Amino acid sequence: MNLHLDGIEALEAITRTGSFASAARELRKAQSAVSYAIQQLENGLGVEVFDRTGHRARLTEQGRMVLEEGRNLLASARRIESLTKLMGEGWESRMEVVIDGILPMAPMMRVLKLMADEEIPTQIQVKVEFLGGVQYRFEEDEADIMLVNDFEPNDTLIANPLPEVNVVLVTSPDHPIAERDMSAPWTRRELQTFVELSIHDSSVSAKSDPTMFGGSRVFFLSDFTTKREALLMGLGFGWVPEYLVAQDLAAGKLVEVAYERGSSYQFRPLLVHRTDRPPGRAGRRFMELLLDE
115 MNLHLDGIEA LEAITRTGSF ASAARELRKA QSAVSYAIQQ LENGLGVEVF
165 DRTGHRARLT EQGRMVLEEG RNLLASARRI ESLTKLMGEG WESRMEVVID
215 GILPMAPMMR VLKLMADEEI PTQIQVKVEF LGGVQYRFEE DEADIMLVND
265 FEPNDTLIAN PLPEVNVVLV TSPDHPIAER DMSAPWTRRE LQTFVELSIH
315 DSSVSAKSDP TMFGGSRVFF LSDFTTKREA LLMGLGFGWV PEYLVAQDLA
365 AGKLVEVAYE RGSSYQFRPL LVHRTDRPPG RAGRRFMELL LDE
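Note that my numbering has the sequence shown beginning at 115, numbered continuously upward.
Calculated directly from the structure, the hints in this document are not laboratory data.
Wrong hints could be hidden among the right ones.
Stated by the list, open to error - Straight-line alpha carbon distances no greater than 25 Å define the calculated DSS-like cross-link-like pairs of lysine-lysine that follow: (1) Lys-241 with Lys-199; (2) Lys-143 with Lys-199; (3) Lys-227 with Lys-241.
Note that this is a predicted model, so its numbers are computed, not measured.
Between the sequences and the hints, there should be enough to build the whole structure, so can you do that?
This is the structure in structure tokens:
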């Protein structure tokens, strides 16, 4: 079977404009060239797409089927042409970003929205990991960019600082831990007797989290959204990014734990990319927009 896109394009134009002559004008071709394209399409498919017995050519049933599927083919062909053109302009076909799940997603989503609005053709994969799992996934997948709390540096990685993230130690106001205030704060040893809620390092060789309290009663949860729900239920206590629970704290649904070493800490996340395989045009645009956030 020989399928001619020129014939499908002519078929679509004739059907839409109402005549061979109008289609020829739209396609900027001679009418004879349009007729020839239809003839080649019919010969290639072995069916007649137009009934020519009347005063005006009309679509046959087979012609309607060819037109319906042909429109999808034309759309795909035009997308391929557009993508090929854009790739030639420096856009990579695909990029991967790995982000630590403790970081706020909103800035990155705003960046992706801007990139979508700019019709950037690159396929973007975002993966969420935790702690050492971020760099593990970044290296395992040979990803382009990682947004990370901390990482093991080497000569091929360049890091740019992002806005600070504040992390708070919270619990439910109904939990026994909430009974104390800073006039009689909890010690580390005392907090070890309660259920601590934590997020497990998602790397293959998980390392211990230095922010954990070291007690034997620990519930590991899959992500911070689940952890927040557990905290609201009074399941235990734990560290969470403040942006995630700010409204809960303001509404009194969660309270900060009176801990002798302080109930909050800050860290500055990093945007990291490679020098041995630098980001393409989409990766550079992603970094530019995120660093401007």
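Hint check results:
no.	hint	verdict
1	Lys-241 with Lys-199	violated, 28 Å
2	Lys-143 with Lys-199	holds, 24 Å
3	Lys-227 with Lys-241	holds, 17 Å
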